[in-house]
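Protein chains: 2
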Amino acid sequence: MDDKEISKAVVRRMPRYYRYLEELKSRGVERISSSELSDMMHVTASQIRQDLNNFGGFGQQGYGYNVDFLYDEIGKILGISSIHTMILVGVGNLGHAITNYIKFSAKNFKIIGLFDVNPALIGQTVSGEKIQHYDEIPKFLETHNVDIAILTIPKDDAQKVCDDIVKCGVKAFWNFTHIDLNVPKDVVVENVHLFDSLMLLSYHREEVLRESGNGS
Amino acid sequence: MDDKEISKAVVRRMPRYYRYLEELKSRGVERISSSELSDMMHVTASQIRQDLNNFGGFGQQGYGYNVDFLYDEIGKILGISSIHTMILVGVGNLGHAITNYIKFSAKNFKIIGLFDVNPALIGQTVSGEKIQHYDEIPKFLETHNVDIAILTIPKDDAQKVCDDIVKCGVKAFWNFTHIDLNVPKDVVVENVHLFDSLMLLSYHREEVLRESGNGS
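Going down the list, the sequences are from chains A and B. Here the first sequence is numbered in the working numbering, starting from 210 and rising by one per residue. Here the second sequence is numbered in the working numbering, starting from 210 and rising by one per residue.
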């Protein structure tokens, strides 16, 4: 298990490879060269070879990459070839959307508990899953193995909710709230900060307008 | 307008500064030193000074940063101090959630048109905005100034929809679909690839489990 350290930049590019390989698979493509993949992905072929070498290569000279094999291997590396159980806290609009998204689009990720504090929501069903009261979480986590907690709650509650759930032993958070969470070292957080993304879009749009002379 | 080039990494960190300053503002904090900000943000004070120097500094020796002023300046840099008009295409669960999110949480971003192809949705209202048929988009864009198009549609339609809207002159896309969009050079795309994010979370979780000895 003493893997050589893989750079964060390489890791961050892996999901994108996975997406393109999935697309190729669905089109029935069995093998692909790094230069063909390079054309599709707008990344240099040498970058692709380097990236994939980090994980042991997978390519064969003159043959290219076996799509199925590479897809499976990257899936294993990313840890998504096994089932991940999740709970979601905060079943507002976004929580609703994410629950449906996971149900219909995220193979191997299963939401097994939905929680909220709003009495009007308790007992309602989303994607076949009943919404339970937030206070039930500790009991739920005692009896269920949960890999990931999804937080789609207002930012003012986020840190406290996170602390509560960390105490119950959950080691991974998918954080849609507007804040950065403080967690112990052995807990991981992946943020989807929508407004950050929107601000970056705004910035890059201004930049492009400026370059094309419309903004000066 | 001949700004010095600002590195992508610095630009990517700006929304985060903006978020923390917003938080400080809402708590009534008027000024803050780079070391206090450093403690909050878990970034070194020297990194903070360097980052903000890219945009002309804003700090004063022995005084720190004026929170209001810095907040406003970063807002201007990010281009979010002026109103941005948006349309959203694909009013499923996610489109619904994003529409509500923009309405209630994204100051200065206004959705002025919702579009879908599903006849059952046309004429319905989300956040006070009526859903129109997708085919109305060209006419709509002739008569309305739209800065950003939000795509919350299935991936198989995404490139075609993007091409259609680019033809009508929209220069910025907030892309929630599962694919990367091909666009002309003067068009910008900011992606929210949910599944990429989930895969990274899965990867980092495995990594942490491995380090703590649970996964080996």
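Watch out, some of these pointers could steer you wrong.
Identical copies carry no separate label here, and so any pair may be met within one copy or between two of them.
With a straight-line cut-off of 20 Å between C-alpha atoms, the simulated EDC-like cross-links for lysine to aspartate or glutamate are [said to hold, decoys possible]: (1) Lys364 / Glu231; (2) Lys339 / Glu399; (3) Lys217 / Glu338; (4) Lys234 / Asp389; (5) Lys319 / Glu245; (6) Lys394 / Glu232; (7) Lys234 / Asp344; (8) Lys217 / Glu351; (9) Lys312 / Asp373; (10) Lys234 / Glu399; (11) Lys348 / Glu245; (12) Lys234 / Asp277; (13) Lys217 / Asp277; (14) Lys376 / Glu282; (15) Lys316 / Glu415; (16) Lys312 / Glu345; (17) Lys312 / Asp248; (18) Lys316 / Asp260; (19) Lys316 / Asp405.
Simulated from the structure, these hints should not be mistaken for lab results.
Worksheet item: Which numbered conditions among the earlier hints are violated in the structure presented, ordered from lowest to highest?
Response: The structure conflicts with hints 2, 3, 5, 6, 7, 8, 9, 10, 11, 13, 14, 16, 17 and 18, although it agrees with all the remaining ones.
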